[in-house]
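A.B. asks: Here is how the chains run, residue by residue.
There are 2 protein chains.
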Amino acid sequence: MQDAIIYLDSNSSMGLQNQIRQKLVDGILSGAFPPGMKLPSSRKLAQQLAVARNTVVAAYHQLIADGYLISRQRSGIFVNEQILESRVGHSGRGSVAAQAESAAWARRVRSLPARWREVHDQPNWRYYPYPFIDGKFDQTLFPLAEWREANRLALSVADVNEWSTGRGDSDDPKLIEEIRTKILTRRGIQAHADEILVTMGTQNSLYLVSQMLADTATTFAVEEPGNYEIRQLLQMRGADVVTQPVDEDGLVVDDRLCNANVVYVTPSHQIPTAVAMSLERRRELLDAASAHDFLVVEDDYECETNYMDHPLPALRSMDAGGRVIYVASLSKALAPGIRLGFIVANADFIRRARQVRRKILNHPPLNNQRTMAYFLSLGHYDSLMLRLGRIFRERRVALQRALNNVRGVPMEISPEVGGTTYWVRTPNDFDVANLIRQSEQHGILVEPVEHYYSIRENAENCIRMGVTSIPVERIRPGVERLVGLIREIVKGKVEHLPTSTGRWLRGDELRRAMLNATVLYREVHGAPCTIEHLENGVMTGRRGYANEDSDSGRWRVEGDIFYRKWDRWVYGEEKGYYIVIDGDKIKYFNSDKQIVDSAYIRLADDLPEAVG
Amino acid sequence: MQDAIIYLDSNSSMGLQNQIRQKLVDGILSGAFPPGMKLPSSRKLAQQLAVARNTVVAAYHQLIADGYLISRQRSGIFVNEQILESRVGHSGRGSVAAQAESAAWARRVRSLPARWREVHDQPNWRYYPYPFIDGKFDQTLFPLAEWREANRLALSVADVNEWSTGRGDSDDPKLIEEIRTKILTRRGIQAHADEILVTMGTQNSLYLVSQMLADTATTFAVEEPGNYEIRQLLQMRGADVVTQPVDEDGLVVDDRLCNANVVYVTPSHQIPTAVAMSLERRRELLDAASAHDFLVVEDDYECETNYMDHPLPALRSMDAGGRVIYVASLSKALAPGIRLGFIVANADFIRRARQVRRKILNHPPLNNQRTMAYFLSLGHYDSLMLRLGRIFRERRVALQRALNNVRGVPMEISPEVGGTTYWVRTPNDFDVANLIRQSEQHGILVEPVEHYYSIRENAENCIRMGVTSIPVERIRPGVERLVGLIREIVKGKVEHLPTSTGRWLRGDELRRAMLNATVLYREVHGAPCTIEHLENGVMTGRRGYANEDSDSGRWRVEGDIFYRKWDRWVYGEEKGYYIVIDGDKIKYFNSDKQIVDSAYIRLADDLPEAVG
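Line by line, the protein sequences give chains X and G. Quick note on numbering: my numbering labels position 204 of the first sequence as 664, and the sequence is numbered without any gaps. Quick note on numbering: my numbering labels position 307 of the second sequence as 767, and the sequence is numbered without any gaps.
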């Protein structure tokens, strides 16, 4: 019998499936199993290794999901040709001598998985009028005078003498002190100076963490959907990445986490859904970490702009066992071009991380560290974050209001949790990809969500909309255009007049039906809204779980159209609809006779028998 | 028979020795072969794998040299307990529950070879009066006004709008253009914008290069002695590192390079010996690269301060085949705290390097990139480099002069090649480690050299002295103290009076002998120097290969001591010596009767018969 392509180690403490997986990954990354190589069938390899066939099948499936292998129908399983991107470049070239010569190095480039390139980005987002994409920076908010002041101080002779020379592997002690006293205290974290490491931002922090904690023998649990950057970094290290679902309380904590060595989590605002992890869930996660002996990487995403949202304490602040590695940005909201962030963890971990950072880049630039230290010590950072918190909250409310008021297809957003993004759900049969394409052509950028899923086919039918980069006055027109597009897309596919179900009310019948009727809405983010249509053409509305907000307005019927106008809601503008009553539901149709909304209705009297 | 711990792949294109090496490294780094594990004897493993025993022995030896394995006499070969530094930290702790808890993560830290910590560094060098160590920064030379000006421009509203936001993975196009037109042209390099990548300095460039080009299947040739940073980075990647000697023309180019995939070289000023690679050797290296299909990484060390030294063109400028990856610093001489450097290579390579950089840190800070762009465009960088070139040359000459004039034991330095360091050879039996220790206690820092050797036992008996961080007026007193220490160390161990060989001349006999005698020196850097002792107490000297310099002075004999005083040389100071003539050699002894120097002498007349 032919030799097996891998061998198992009978003394290994790893399970068989993990051993198979690890050895195949090692072989692929080292080039021993070249791209395009056909693997033995699961049956054959199982025979050779004397293991159950299911074990091999499971290992193969996992490697297919991770992109190392691909399955070609009716021909077998192969090493993914694109797993080492270099090979693509090389094999894609002609064999002309000059090209071969200049591409001599290309064959030698190692370990750049092809799927890195698939992530959606919009380098030219600035040229779009309605950029609802997250993580981009609104330069009009940059505190120029304050940054200049901090910068001028950092360029004093005494300061230059301190930062101009390298510091080996250490950071600016002034910046460390400011992080310790001004930023961490707000997150409830007490840390010594030797528990803090300055980095080149969160990407760099996660890179360091992945270099230190991940290898082919490590299992990392990540959120699904979740941050694709960490998934890619773990892929580079060949780690076993398992996904764990997220619900309305954040990462689900259950037995599936038992086998993880490290759990990556974004508790403040989950990436990408913006859900906040509940306090109880946080406690469960830390208890599980202790019980099952895993570490937690806490990426405190958007902690910077949380200042007005009374966020829950960081996991690191609740962490008695020293198991949490806390990662945060310093410059994302200030100016991403500056690239500063930090890690808080056990002093011993930080010492080792410092050694790794030393090998990668020595240390983040000390002139920027010193400038940031002054920016913090002068209180400019705090006031910037307060200001950004106010501005982003205003924008976020504007976006919610716009989505709530001009709905085209039923859409849902996550409940109010602060942050700067909304995770917008659409019906399952709605063609989101088409919407994103068309929006872009109409100057509207919204973010697709598949790349947040480890298996793209699992992606929910959602878009992600953020407000960090769009001025507040563009939000409503942007949403209105977006909804206009949605209406175009669904034209003819959604319910329209005349309708087969329910009764289209006209004229006096419509007026009589609406009189004293109560309408019960769900707003876009799930909160209830109750509208009463009174006798004198007056309308009252209460909304929120505790009727936090109310408004009054006027309603009337003219011809076959029901008009309503709130004093404040819906921008105080009058809207007209055709109305259909279908059992206990009311359906609103626009002038194109397309359905645009629906709600529950309680009529004052039963409808009379239908005419005809 | 027991199972082998590794298996060979009969289809592999790798040699047997390399396969064994690679599989052992993979096993060690993945933790499959834990620290302290005893390996099978070479005989046994050879039997199990059915290969020649020598093959296993060679693989083991290589891994011992790389620090993966250690050999314990009479007990066998083991996985080095310190190879994963984390294990040291872990096993070194007590088993108290709280400690075990807080150290939970420690077991999980991956791949930090212990030897990283062995490299000599002097974080407090600034507090020493005589810091003759290289690579440290003299902050008094920082061009404060010019940097402030560039910085102010980079903080204009228009500029801030450009740099404050992130740029995805791209660099500041203004900086790229300045590098292209102002820096590369001086090195003879023509490059397009897409052939340049900005990095966080040379360490970061080499990290990127090692991530891209090195893995366990790659052979890297490096200089011996050579840059330890690249060696460590390659170790991290598990690459096969082979060393290649350096002679007075730089890296030796011979058949040993045939099997390399990549050759790392420092042609401008070899690290650490400061030798410049000759033009012919450069051509040979490029020819070999083409013939044997390897890449060249050119680390243009100290290119920044080369402005006055008419350096040879960069390898990259002579590289028709696109095989050279050029690496240089932008901030080492300006202010290391800023951390900027760049890579020039084939556009395809740069594109991939950009992807890797994106994963590591996105991009170097754009505010610093823009400031540096202005600093260059205003011409400040050029004038700084000219100024530094002048200052460092002055210091270098002062160091050479000091070493030449106050010699304690015979020392040699490399010939004049520019740069800012000297590689100082001492006799083989001299205890250099003791000198370095004692110097430090006396406020003098000189650099040991063992860490530049892949096998420390091979280190020559040298010290390395640099001038970037010591003001010119401290050089002579520093060298004099150093030589004083050397004299203390060798006291009683070197020749002293009365001497067993040669004849100690006194009084009139001494005067007669010196009259019309010609003394032929070798200066410390190897150049000849001829001194003639004329009748009227006049002395003339010519030095250099073409008598580039001459001086005159006075000599006299008083009692048993020969005095000489040059007009300019030896700082114009009078020195007195006891003199011994031994055949055609003259030996100079100080007032402690220790030998301090020797030279060839041509006497006007034979010495008369010895008296008694």
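FYI, nobody ran anything at the bench for these hints, they're computed from the structure. Heads up, a few of these hints could be off.
Pairs count within a copy or across copies, as identical chains cannot be separated in the list.
Here are the simulated SDA-like cross-link-like pairs (lysine to any residue), alpha carbons at most 25 Å apart as the crow flies [claimed, not checked]:
no. : residue 1 : residue 2
1   : K498      : S843
2   : K498      : W1015
3   : K634      : N584
4   : K1053     : A807
5   : K1035     : R934
6   : K504      : Y1060
7   : K504      : A464
8   : K1045     : S738
9   : K819      : N584
10  : K1025     : D808
11  : K953      : R741
12  : K1053     : E1033
13  : K504      : S470
14  : K498      : I466
15  : K953      : A506
16  : K819      : R916
17  : K951      : S750
18  : K953      : G1036
19  : K634      : Q522
20  : K1053     : S535
21  : K819      : I524
22  : K1053     : D1009
A.B. asks: Evaluate each hint against the coordinates.
C.D. replies: Going through the hints against the structure:
Proximity of K498 and S843 under a CA criterion of 25 Å is satisfied in neither setting, with 60 Å inside one chain copy and 60 Å between copies. For a Cα distance limit of 25 Å, the shortest separation of K498 from W1015 qualifies neither inside one copy, at 70 Å, nor across copies, at 87 Å. Taking CA atoms no more than 25 Å apart as the test, K634 paired with N584 passes between copies only; the shortest distance there is 18 Å, against 37 Å inside one copy. For the identical chains of this complex, K1053 and A807 are neighbours neither inside a copy (66 Å) nor across copies (56 Å), given an alpha-carbon limit of 25 Å.
When the C-alpha separation of K1035 and R934 is checked against a cutoff of 25 Å, the pair qualifies only within one copy, where the shortest distance is 21 Å, while the shortest distance between copies is 86 Å. Taking the shortest alpha-carbon separations for K504 and Y1060, neither the intra-copy value of 60 Å nor the inter-copy value of 82 Å comes in at or below 25 Å. Both within a single protomer and between protomers do K504 and A464 lie at most 25 Å apart by alpha-carbon distance, with minima of 9 Å and 22 Å respectively. Taking the shortest alpha-carbon separations for K1045 and S738, neither the intra-copy value of 34 Å nor the inter-copy value of 89 Å comes in at or below 25 Å.
When the C-alpha separation of K819 and N584 is checked against a cutoff of 25 Å, the pair qualifies only between copies, where the shortest distance is 20 Å, while the shortest distance within a copy is 34 Å. For the homomeric pair K1025 and D808, neither the shortest alpha-carbon distance inside one copy (64 Å) nor that between copies (60 Å) is at most 25 Å. Taking the shortest alpha-carbon separations for K953 and R741, neither the intra-copy value of 41 Å nor the inter-copy value of 75 Å comes in at or below 25 Å. In this assembly of identical chains, K1053 and E1033 lie within 25 Å of each other by CA distance solely inside one copy; the values are 20 Å within and 107 Å between copies.
For the identical chains of this complex, K504 and S470 are neighbours both inside a copy (19 Å) and across copies (19 Å), given an alpha-carbon limit of 25 Å. In this assembly of identical chains, the alpha carbons of K498 and I466 lie at most 25 Å apart whether taken from the same copy (14 Å) or from different copies (23 Å). Taking CA atoms no more than 25 Å apart as the test, K953 paired with A506 passes in neither setting, with 50 Å inside one copy and 73 Å between copies. In this assembly of identical chains, K819 and R916 lie within 25 Å of each other by CA distance solely across copies; the values are 21 Å between and 35 Å within a copy.
Taking the closest pair of Cα atoms, K951 and S750 never come within 25 Å of each other, the shortest separation being 54 Å inside a single copy and 64 Å across copies. In this homomeric assembly, K953 and G1036 come within 25 Å of each other (Cα to Cα) only inside a single copy, at 22 Å, whereas the closest approach across copies is 108 Å. With identical chains, the CA atoms of K634 and Q522 are never at most 25 Å apart, being 47 Å at best within one copy and 45 Å at best between copies. Proximity of K1053 and S535 under a CA criterion of 25 Å is satisfied in neither setting, with 52 Å inside one chain copy and 89 Å between copies.
Taking the shortest alpha-carbon separations for K819 and I524, only the inter-copy value of 23 Å comes in at or below 25 Å, while the best intra-copy value is 33 Å. Taking the shortest alpha-carbon separations for K1053 and D1009, neither the intra-copy value of 31 Å nor the inter-copy value of 101 Å comes in at or below 25 Å.
Violated hints for the displayed structure, listed by number in ascending order: 1, 2, 4, 6, 8, 10, 11, 15, 17, 19, 20, 22.
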